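Participant: This is what each chain is made of:
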Amino acid sequence: MSTLLRVEHVSKHYTLSGGLLGAERRLDALSDINLSVEAGETLAIVGESGCGKTTLGRCIIQAQPVSDGRVTYHPLGGGDVELTALNKRQLKPWRQDIRMIFQDPMSSLNPNMRVFDIVAEPLRIHKIAKGKALEDKVISTLAKVGIPAEAVGRYPHAFSGGQRQRIGIARALVLDPKLVIADEAVSALDVSIQAQVLNLLEDLKREFGLTYIFISHDLGVVNYIADRVVVMYLGHVVENAPTEMLFERPRHPYSEMLLEALPIADPLRRKGRSTELRGEIPYLGNRPKGCPFHTRCKYAEDRCRAEKPVLRPVAGTAQEAACHFAETLTLKGAYEDNPPQVASAALAGAGGLPGRAGQ
Amino acid sequence: MTQPILRIEDLSISFSSPDEADIEAVRQVDLTLTPGKTLALVGESGCGKSVTARAVLRLLDANARIPHGRILFQPEGSEPTDIARLKPDSLALRAIRGNQIAMIFQEPMSSLSPVHTIGDQIDEMVLIHERVNRKQARARTVALLDQVGIPGAKERADAYPFELSGGLRQRAMIAMALACTPRLLIADEPTTALDVTTQAQILDLLRQLQADFGMAMLFITHDLGVVAEIADEVAVMYLGDVVEQGNVFDVFRAPQHPYTQALMNSIPKMARKADRVRLNPIKGTVPAPKDRPEGCAFTSRCPHAFGPCASERPARTVVGEGHHARCHLLTRQTEEALA
Ligand SMILES: Nc1ncnc2c1ncn2[C@@H]1O[C@H](COP(=O)(O)OP(=O)(O)OP(=O)(O)O)[C@@H](O)[C@H]1O
Ligand SMILES: Nc1ncnc2c1ncn2[C@@H]1O[C@H](COP(=O)(O)OP(=O)(O)OP(=O)(O)O)[C@@H](O)[C@H]1O
Ligand code: SF4
Ligand code: SF4
Ligand SMILES: [Mg+2]
Ligand SMILES: [Mg+2]
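Sequence order for the protein chains is A and B.
Per this note's numbering, the very first residue in the first sequence carries number 1; after that it's consecutive.
Per this note's numbering, the very first residue in the second sequence carries number 1; after that it's consecutive.
Read the hints as simulated data drawn from the structure, not as lab findings.
Among the hints, erroneous ones may be present.
[To be verified] Estimated spans, in silico, between C-beta atoms of each pair:
no., chain 1, residue 1, chain 2, residue 2, range
1, B, G307, A, D266, 48 to 58 Å
2, A, N34, B, A271, 47 to 57 Å
3, A, A318, B, S311, 55 to 65 Å
4, B, R253, A, K332, 26 to 36 Å
5, B, A271, A, E38, 17 to 27 Å
6, A, L91, B, F162, 21 to 31 Å
7, B, S78, A, N110, 22 to 32 Å
8, B, D275, A, D266, 15 to 25 Å
9, B, S17, A, L91, 36 to 46 Å
10, A, R6, B, A271, 30 to 40 Å
11, B, G214, A, E301, 40 to 50 Å
Only a predicted model underlies this, so the values are computations on that prediction, with no experimental measurement involved.
Virtual Cβ for every residue (Gly too), placed ideally from N, Cα, C.
Chain A on its own, in the form it takes in the complex (with noise of 0.2 Å):
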């Protein structure tokens, strides 16, 4: 495989104004990420909530510029662009090939524009097709993601919140992109059309080897769709692995929490108040020394505060991790059968696990 996309040390940061009397503050979205996303592969980004996942995303396509870093798109004819070096005019031809699913469709649908349009207008605007050929296009992209052509004459504010996030999804796909950046782009859908367009994006990707980087809370639907997972925390990749690896045994703490608070559809088996609740999310503008999961983690120790742990390869496996402790913790996977892992002797007994007991 090839390497169809690499960020490099990208950093962002937003400066907050501190209202009428605070100083000017710094927050750091995103901290020295790198990854790199293979040609023909699913690579999934999870995190908290406002741990930088749509930052990302809007960098690698320059809707925003980086602080720090750099981003590099090789296009499958071969050459490197180096994306954050281009300027918007430069930049026009590749954001064909790299398009973008908002996470909002209420505030990336024009409400003025109907629907139709909506669509038509990449294809206007890079001028692939008018008349018949762009009204067929339209059309059947939106048939695609259960749109029906009688309704295109609608306005977004007319439609669902799911039918929405579909009308998003064609207008990112009506220009046979070869990398999709798709954020949260399932979330508001429910099972039945969820799989539907998930089986969707897998079929355009065997037929046109198109490329994901998919967003997505959903561990289930991550656990589905995903080659590799990219576990995010405050601004930081903190895990890298192969799906399946990353759900049989994740190799940082923070991913292990993740996928213990998965919802379970049966509700003989409600967890009931969380035992997640331990601990602060620490506020980006005000991140801790050390490890920047300490504060939460139930197997912090005194290096832990003291000393950044970085992404690493964890020896003996094909998985990457940011973590003091990913050869020797043994973390909780998700898979239904997994065997009840037993708790290190030593972490037991330095009173490591608290809120462990009576699960």
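Starting from the structure of chain A, add chain B with the ligands where the hints point.
Facilitator: Showing chain B with the ligands alone in chain A's frame:
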């Protein structure tokens, strides 16, 4: 038994449109909500969940009508009011909206003002509902933001909506809805934009508030995992009709309507790649409301459809204590048993 706070009976809602025939988005909805309990409303995208919810506050688009049905709101110790008969901008309705019934909307961006900070918007709500000065209102706002788990609540109150991530915006919306401690909270996909740990926190928070204030909740979601986690009761909608309502345990254990059964079967399993099967969505696609069969809306996709389904509307049949479903199979079986 506690008296219901909201009863929706035989409600229909249609939209007129300049270049299409009228769309009967909601055809037959019956729902009952009880104080202190959560009713989850589930169903396919576009089946009419949000429209039903907005009808309760009469916040429908201008091209909407309510051809028939009642929306009876009855807080403890008062007479029932039929919201369907009130004028959308009447005083009576404004007294209910935001004060007794609050709503969290599906897309936070569409209900937050982009030009005011979230703190100012929540302060406003607090000032309308409580006799406090600006400074006290802000203290309450910060407490609310903190309660819904916004880190750095005090500083974040000064943020504009666009400066917040999707999930933080959603939490700000929740804080705003809770500002008046409503008797009934309508939450339209409130955790859809949230990651699982935040989602678990919000569900805990809502449960807590419910225990503290005896609030009733209508919780719209398509995530059956969330339903299993939070609901006391479940109502299932398909193409404008409520086809089943019952206790969450009964509905998950023994769904009675073929659509509910299909829904339960299409939950993706946490399986390894080797054991993974292509997702098996319900066959066919949802017809447009105008192509909806006169009888059971599910006829065109139902594996059990037979004689009366396409033309006759199935009756609301009791299948257990507080458990109803609308399907001809249920009455056929009783008829056969009687014969
Ligand atoms: N324009 C902006 N100005 C200031 N802060 C911003 C801006 N855009 C995003 N942020 C902040 O940057 C952080 C990362 O935001 P981002 O939208 O990338 O999160 P996310 O991971 O996509 O979260 P979610 O799952 O909730 O969508 C958040 O704390 C957010 O409030
Ligand atoms: N103003 C309008 N004019 C015409 N049709 C409308 C209007 N508003 C909603 N609809 C239609 O009514 C139906 C029900 O929409 P609603 O928003 O209630 O769906 P929903 O069940 O909430 O779906 P989702 O899960 O996707 O949010 C949809 O088919 C939608 O297209
Ligand atoms: S480095 Fe320490 S605090 Fe950070 S995740 Fe690992 S054990 Fe937890
Ligand atoms: S009434 Fe008929 S079509 Fe409808 S769900 Fe029952 S069997 Fe299926
Ligand atoms: Mg986001
Ligand atoms: Mg909706």
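Participant: Against each hint, give a clear statement of whether it holds in the structure.
Facilitator: So, going through the hints one by one against the coordinates:
| no. | hint | result |
| --- | --- | --- |
| 1 | B/G307 - A/D266: 48 to 58 Å | violated, 35 Å |
| 2 | A/N34 - B/A271: 47 to 57 Å | violated, 31 Å |
| 3 | A/A318 - B/S311: 55 to 65 Å | holds, 59 Å |
| 4 | B/R253 - A/K332: 26 to 36 Å | holds, 27 Å |
| 5 | B/A271 - A/E38: 17 to 27 Å | holds, 24 Å |
| 6 | A/L91 - B/F162: 21 to 31 Å | holds, 22 Å |
| 7 | B/S78 - A/N110: 22 to 32 Å | violated, 44 Å |
| 8 | B/D275 - A/D266: 15 to 25 Å | holds, 19 Å |
| 9 | B/S17 - A/L91: 36 to 46 Å | holds, 39 Å |
| 10 | A/R6 - B/A271: 30 to 40 Å | holds, 32 Å |
| 11 | B/G214 - A/E301: 40 to 50 Å | holds, 44 Å |
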